[in-house]
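Peer 1: Using the hints, position chains B and F against chain P.
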Amino acid sequence: MARTTTARRWSIGRVLAWAFLGVALVVTIFPFYWMLRTALTPAHELATDNTGLWPAHPTLINFRRVTGATTVAQNQAAGGSGAQLNFLLYLRNSIIYSTLIAAAQTLFCAMAGYAFARLAFRGRDALFGVFVMALMVPPIFTLLPNFALVKSLGWLGSFAGMVAPSMLMTPFAVFFLRQFFLNIPREVEEAATIDGAGRWIQFWRVIIPMSRGPLFTIGLITTVWAWKDYLWPLLVGPNPGTRVLTVGLGIFLQQSPNTAPDWTGLMAGSVLTVIPVGLLMVFFGRRLVESMNFTGIK
Amino acid sequence: MGTTSVDAAESGLAVATAADRPRRRERARRRAAAPRGDGRIALLFLAPALLGFAVFYVYPAIRGAYYSTTDYNLLSPPRGVGMANYTALVHDALFWNALKVTGYYVVLNIVSQTVLALVLAALMFRLTRSVVVRAMLLVPWLVPNVTVGLLFLWLFDADLGLVNHLISAAGLSTHGWFSSTTWAMPTIALTNTWAYTGYTALLLYAGMLQIPGQVYEAAMLDGASELRMFFRLTLPLMRPVLALVLVVSVIGSFQMFDTVAITPTHGGPVNATRVIYYYIYELAFTHFRMGYASAAAMSLVLILGALTLLQMRLLRASRSDLA
Amino acid sequence: MRTRARWTAALIAAVLPLATTACSSGGSGSSNGPVTLTYALWDNNQQPAYQACADAFTAAHPDIHVKITQSAWNQYWQNLTTQMTSGNAPDVFTDHVAYYPQFVKNNQILDITSRVAADKVDLNQYQGGLADLWVKDGKRYGLPKDWDTVAIAYNTGMLKSAHVDPAGLANLTWNPTDGGTFEQLIAKLTVDQKGHNGLDPSFDKNHVKIHGIELIYDDGATGQSTWGNFAVANGFTFLDKNPFGTKYHYSDPALAQTVDWFASLAKKGYAAPYDKASTLGPDAVLNAGRAAMTMTGSWNINTYLGSSATQKFAFAPLPAGPRGRKTFINGLSDAIYTGTKHPDQAWQWVKFLASTSCQDIVASKGVVFPAIKTSSQKALATHQAAGRNVKVFVDEATTPGETFSYPITDHADQITQEVQTDLEGVWLGKSTAADALAKAQKAVDGFMSQP
Numbered sequence: 001m002a003r004t005t006t007a008r009r010w011s012i013g014r015v016l017a018w019a020f021l022g023v024a025l026v027v028t029i030f031p032f033y034w035m036l037r038t039a040l041t042p043a044h045e046l047a048t049d050n051t052g053l054w055p056a057h058p059t060l061i062n063f064r065r066v067t068g069a070t071t072v073a074q075n076q077a078a079g080g081s082g083a084q085l086n087f088l089l090y091l092r093n094s095i096i097y098s099t100l101i102a103a104a105q106t107l108f109c110a111m112a113g114y115a116f117a118r119l120a121f122r123g124r125d126a127l128f129g130v131f132v133m134a135l136m137v138p139p140i141f142t143l144l145p146n147f148a149l150v151k152s153l154g155w156l157g158s159f160a161g162m163v164a165p166s167m168l169m170t171p172f173a174v175f176f177l178r179q180f181f182l183n184i185p186r187e188v189e190e191a192a193t194i195d196g197a198g199r200w201i202q203f204w205r206v207i208i209p210m211s212r213g214p215l216f217t218i219g220l221i222t223t224v225w226a227w228k229d230y231l232w233p234l235l236v237g238p239n240p241g242t243r244v245l246t247v248g249l250g251i252f253l254q255q256s257p258n259t260a261p262d263w264t265g266l267m268a269g270s271v272l273t274v275i276p277v278g279l280l281m282v283f284f285g286r287r288l289v290e291s292m293n294f295t296g297i298k
Numbered sequence: 001m002g003t004t005s006v007d008a009a010e011s012g013l014a015v016a017t018a019a020d021r022p023r024r025r026e027r028a029r030r031r032a033a034a035p036r037g038d039g040r041i042a043l044l045f046l047a048p049a050l051l052g053f054a055v056f057y058v059y060p061a062i063r064g065a066y067y068s069t070t071d072y073n074l075l076s077p078p079r080g081v082g083m084a085n086y087t088a089l090v091h092d093a094l095f096w097n098a099l100k101v102t103g104y105y106v107v108l109n110i111v112s113q114t115v116l117a118l119v120l121a122a123l124m125f126r127l128t129r130s131v132v133v134r135a136m137l138l139v140p141w142l143v144p145n146v147t148v149g150l151l152f153l154w155l156f157d158a159d160l161g162l163v164n165h166l167i168s169a170a171g172l173s174t175h176g177w178f179s180s181t182t183w184a185m186p187t188i189a190l191t192n193t194w195a196y197t198g199y200t201a202l203l204l205y206a207g208m209l210q211i212p213g214q215v216y217e218a219a220m221l222d223g224a225s226e227l228r229m230f231f232r233l234t235l236p237l238m239r240p241v242l243a244l245v246l247v248v249s250v251i252g253s254f255q256m257f258d259t260v261a262i263t264p265t266h267g268g269p270v271n272a273t274r275v276i277y278y279y280i281y282e283l284a285f286t287h288f289r290m291g292y293a294s295a296a297a298m299s300l301v302l303i304l305g306a307l308t309l310l311q312m313r314l315l316r317a318s319r320s321d322l323a
Numbered sequence: 001m002r003t004r005a006r007w008t009a010a011l012i013a014a015v016l017p018l019a020t021t022a023c024s025s026g027g028s029g030s031s032n033g034p035v036t037l038t039y040a041l042w043d044n045n046q047q048p049a050y051q052a053c054a055d056a057f058t059a060a061h062p063d064i065h066v067k068i069t070q071s072a073w074n075q076y077w078q079n080l081t082t083q084m085t086s087g088n089a090p091d092v093f094t095d096h097v098a099y100y101p102q103f104v105k106n107n108q109i110l111d112i113t114s115r116v117a118a119d120k121v122d123l124n125q126y127q128g129g130l131a132d133l134w135v136k137d138g139k140r141y142g143l144p145k146d147w148d149t150v151a152i153a154y155n156t157g158m159l160k161s162a163h164v165d166p167a168g169l170a171n172l173t174w175n176p177t178d179g180g181t182f183e184q185l186i187a188k189l190t191v192d193q194k195g196h197n198g199l200d201p202s203f204d205k206n207h208v209k210i211h212g213i214e215l216i217y218d219d220g221a222t223g224q225s226t227w228g229n230f231a232v233a234n235g236f237t238f239l240d241k242n243p244f245g246t247k248y249h250y251s252d253p254a255l256a257q258t259v260d261w262f263a264s265l266a267k268k269g270y271a272a273p274y275d276k277a278s279t280l281g282p283d284a285v286l287n288a289g290r291a292a293m294t295m296t297g298s299w300n301i302n303t304y305l306g307s308s309a310t311q312k313f314a315f316a317p318l319p320a321g322p323r324g325r326k327t328f329i330n331g332l333s334d335a336i337y338t339g340t341k342h343p344d345q346a347w348q349w350v351k352f353l354a355s356t357s358c359q360d361i362v363a364s365k366g367v368v369f370p371a372i373k374t375s376s377q378k379a380l381a382t383h384q385a386a387g388r389n390v391k392v393f394v395d396e397a398t399t400p401g402e403t404f405s406y407p408i409t410d411h412a413d414q415i416t417q418e419v420q421t422d423l424e425g426v427w428l429g430k431s432t433a434a435d436a437l438a439k440a441q442k443a444v445d446g447f448m449s450q451p
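Protein chains in written order, with my numbering: chain P, 1 to 298; chain B, 1 to 323; chain F, 1 to 451.
One chain only, chain P, in its complex shape:
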């Protein structure tokens, strides 16, 4: 008897719960559809055709003009400015920027994390304390002087200037990997020590292979953060040669016609920046989602 009441309450609750989840998923995904729908609308028709689920005269012209497949005159005739989004170049730059940062940072932070977790040296814990304190320092504080530093090094407008501040370390990655290395049983290394392997060799032969999961996680998260980065690449590398996708999109917005934003072109550009993310989800979705369990802060 008690059982049936529970069951009924459960089922109502379950329906509500599923409904909530369903709404959340629709709210999460539908804006992307609207982005695509707008991108497929001819610019001149947007003022009158902006409510239906599908444009009256769908067109690919917006994609063609933002990727530079049309001339300036054609762009303007289609309702845009002379601006183009050199998508492939910016995509390349985004990939260079985020993989350089992610790969180097993961490697160097793994080394540092290992030193903090396993090596004994004077002042280790205090130094680690200083690193952790740096976790609390908001980026704006170092942003202005770092900009001045990169400028005085003559690295403005280069990948070097863009990746330098985050390539060697971030306090978060050091902290995260140290916590992981601390949990590796010491016996594993001790076995290697008996074999006569030094610390350096142990690190590469034992620790790294054992830590593929967390290393991949931190690499993936760093990639995503770097991929989304806007302010720093905007300040340091806004020229086409080093312009990343986010900055490209921001500049495309600025190059709207003088009186108004070019919404259809902007949405076409936005769709293009979402495609790589979609692919990432398709290939690494499970990995990425499960990686969150690691960062779930132990």
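It is possible that part of the hints are untrue.
Said to hold, decoys possible - Below are the SDA-like pairs computed for lysine to any residue, each with C-alpha atoms no more than 25 Å apart in a straight line:
| hint | chain 1 | residue 1 | chain 2 | residue 2 |
| --- | --- | --- | --- | --- |
| 1 | F | K209 | B | L172 |
| 2 | F | K442 | B | V90 |
| 3 | F | K267 | B | I167 |
| 4 | F | K276 | B | A84 |
| 5 | F | K439 | B | D159 |
| 6 | F | K205 | B | L172 |
| 7 | F | K351 | F | G128 |
| 8 | F | K430 | B | L108 |
| 9 | F | K267 | B | T182 |
| 10 | F | K268 | B | L172 |
| 11 | F | K67 | P | T67 |
| 12 | F | K341 | B | N73 |
| 13 | F | K241 | F | G446 |
| 14 | F | K439 | B | I167 |
| 15 | F | K120 | F | K268 |
| 16 | F | K209 | P | A260 |
| 17 | F | K267 | B | V301 |
Because the hints were derived from the structure by calculation, they are not lab data.
Peer 2: Then chains B and F, alone, in the frame of chain P:
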């Protein structure tokens, strides 16, 4: 310039050894387990990170503190002005407004985002553990803030936006969301809530996974409802994780910049969305006032430091873990 | 392990050249060999004309190429200042009188006095007064490229269906109290969803189908296309002395009355309110048939008379205020960035832009009125040949006493932000014009007292 950074790193080490003493016993215990005297090899392991830390964290920190006492404008060499920037800051109505506006944003964003994320995390934990659902919820987090901002500018466009169409179809009154002093900040908060709720939910979900299943089995045998279990078990048991996620999100939302930067009102209307990060950016890069901007950044660091300490204390106080 | 170490080394090796190439690229193309200049402008409508100038320029100077970048007015200055702090601003950029003093103060644009003298550029060929705008403390920072005035653009079809004779638009009057015949016209052109116009007692201001006028609210510290013209027609002056005055008059009641009148239009239902105005811009609203008139500068001629317009538009002069008809006359110039690697080539390009060689090309495209008097006549001829009646802009510019020049002082960036922010409060109904402008006055006085 180079020497300053080395000095800074060394002084950091000096501080380290001084602070070391109380923990000596613990360290002695660890040392017994690890081989002694890894100093040299440790330096090798730490070299890149130390270099990065010294050059891009310690050195700029000192540099920033120095700029804050100058009239540096990025175009000509700085001249010392003492504490003048800080005195001006105290009387700068826009600075206080920026802090107020930022605080308002943080409250709006954190409350909505955390409540929604908690509910979603609980649903993922108790209702379905489908990877597809989790992956879909995570997608907005992967999209650059600039794209998210543009998308919401368009969805909430006063004239042609989908949201106003839906609202007027429902017979309610529409708003110029981004151009109204009342609605601009809530709209921006909503934008970032949309972008970060899935991510936050997944972090909280990961925290929930650490709660042993037996706890729930026992409760269910007692006939507890899901709601009751959520409030009586899940919430108290994951309080430390929740607190940590909160600390991280609060610090993160204090630094909101991208969304405001691409909004055409540029911090308006009537300064309603001129958050502290954007204000500092404007001071440095559109008004050529790097020195003054550095003073504002220094003040922000102090505020965030105080806030973090406070939150950490609360966090420690709430350590009513499973143990 | 060895492969990994090598990979690390490869990574570092891969990064280093990126740094060094970046350094060396700055020094390339010093004097001989082809040079590419970057040139920035904000008006996308003018881009094709200046592209044609750039092509002609490269034909004459095969070693100098010009790459044009455009960004919208709202972002242009923010962009430019950010680029200047990074040291990578365009070699040459379109300059505005409101902004150049700030660049001069920070040593960001080149003094071209001696080059102008050496190359004997004739300063008398330009429309009167334009060349003098670009001189500060005896040094010249630009040569005039064009001029502009402001007029009313209206939908001819809507005038006809409201039975308004277009000829009467030349004699409109305005005052800040009841808006004069200009407000009567706006009301008459406003139509609610039941078809009542704004003069009809049963007009429903909450359900308006066509607004009589579409306003630009974010119009800077001067209201160049909107309130500034009306305020001056109401007896307001921006500055104690122009250019380079030291005291703004924002708290002048003549300005507050004008701003209040502008804000009243939305309250009466004759214009879209600030927070419901379209982000697509006035031309899109007019083209969509949702407003009958707007005020616009001569730089927008082709937006309303060009091929992309889906409705039929015409121009009328601004109404005459208590002090007569007043319109801004303003012009732009081209500035050379101090940080340019190619000052000599940049000067060649600037000189070309300020000569008949380029301004006749601009005239032939019929976009803006070039600064050189003969080229300006050619532009008028181009428009007339294409059947575009733009005479009102020229009449305003040449009628004595109908024009006034743009206020030129330091601190324009701060003043613009402050005044625009304060006026937003008025448009949103949060404060009265008098209060907002008193606040603006106080802040602006503060800026002006800074060094």
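Peer 1: All hints, please: hold or fail.
Peer 2: Going down the list of hints, with the structure as the test:
With a CA separation close to 18 Å, the supplied pair F:K209 and B:L172 stays within the 25 Å bound. At roughly 18 Å between alpha-carbon atoms, F:K442 and B:V90 fall within 25 Å of each other, so this suggested pair holds. At most 25 Å may separate the alpha-carbon atoms for a hinted pair to count; F:K267 and B:I167 meet this at roughly 22 Å. Restraint check: the Cα-Cα separation between F:K276 and B:A84 comes to about 42 Å, which exceeds 25 Å; the hinted pair is violated.
The suggested pairing of F:K439 with B:D159 is violated, with an alpha-carbon distance near 31 Å, which exceeds 25 Å. With a CA separation close to 17 Å, the supplied pair F:K205 and B:L172 stays within the 25 Å bound. Taking the CA atoms of F:K351 and F:G128, the gap is about 19 Å. The hint holds against a cut of 25 Å. Between F:K430 and B:L108, the direct Cα distance comes to roughly 23 Å. Compliance with the 25 Å bound is thereby established for this hinted pair.
Restraint check for F:K267 and B:T182: satisfied, since their Cα atoms lie roughly 18 Å apart, inside the 25 Å limit. Pair hint F:K268 plus B:L172 holds up; C-alpha atoms about 21 Å apart against a cutoff of 25 Å. Only pairs whose Cα atoms come within 25 Å are accepted, and F:K67 paired with P:T67 is accepted, the gap being roughly 18 Å. Taking the CA atoms of F:K341 and B:N73, the gap is near 22 Å; set against the 25 Å cutoff, the hint holds.
Between the alpha carbons of F:K241 and F:G446 the distance comes to roughly 18 Å, so the proposed pair stays at or under 25 Å and holds. Distance check on the hinted pair: F:K439 and B:I167 sit about 36 Å apart at the alpha-carbon level, beyond 25 Å; violated. Straight-line distance between C-alpha atoms of F:K120 and F:K268 comes to about 56 Å, which puts the hinted pair past the 25 Å bound. This hinted pair checks out: F:K209 and P:A260 have alpha carbons roughly 22 Å apart, not beyond 25 Å.
Pair hint F:K267 plus B:V301 does not hold up; C-alpha atoms about 45 Å apart against a cutoff of 25 Å.
Against the hints set out earlier in the document, violations occur for numbers 4, 5, 14, 15, 17.
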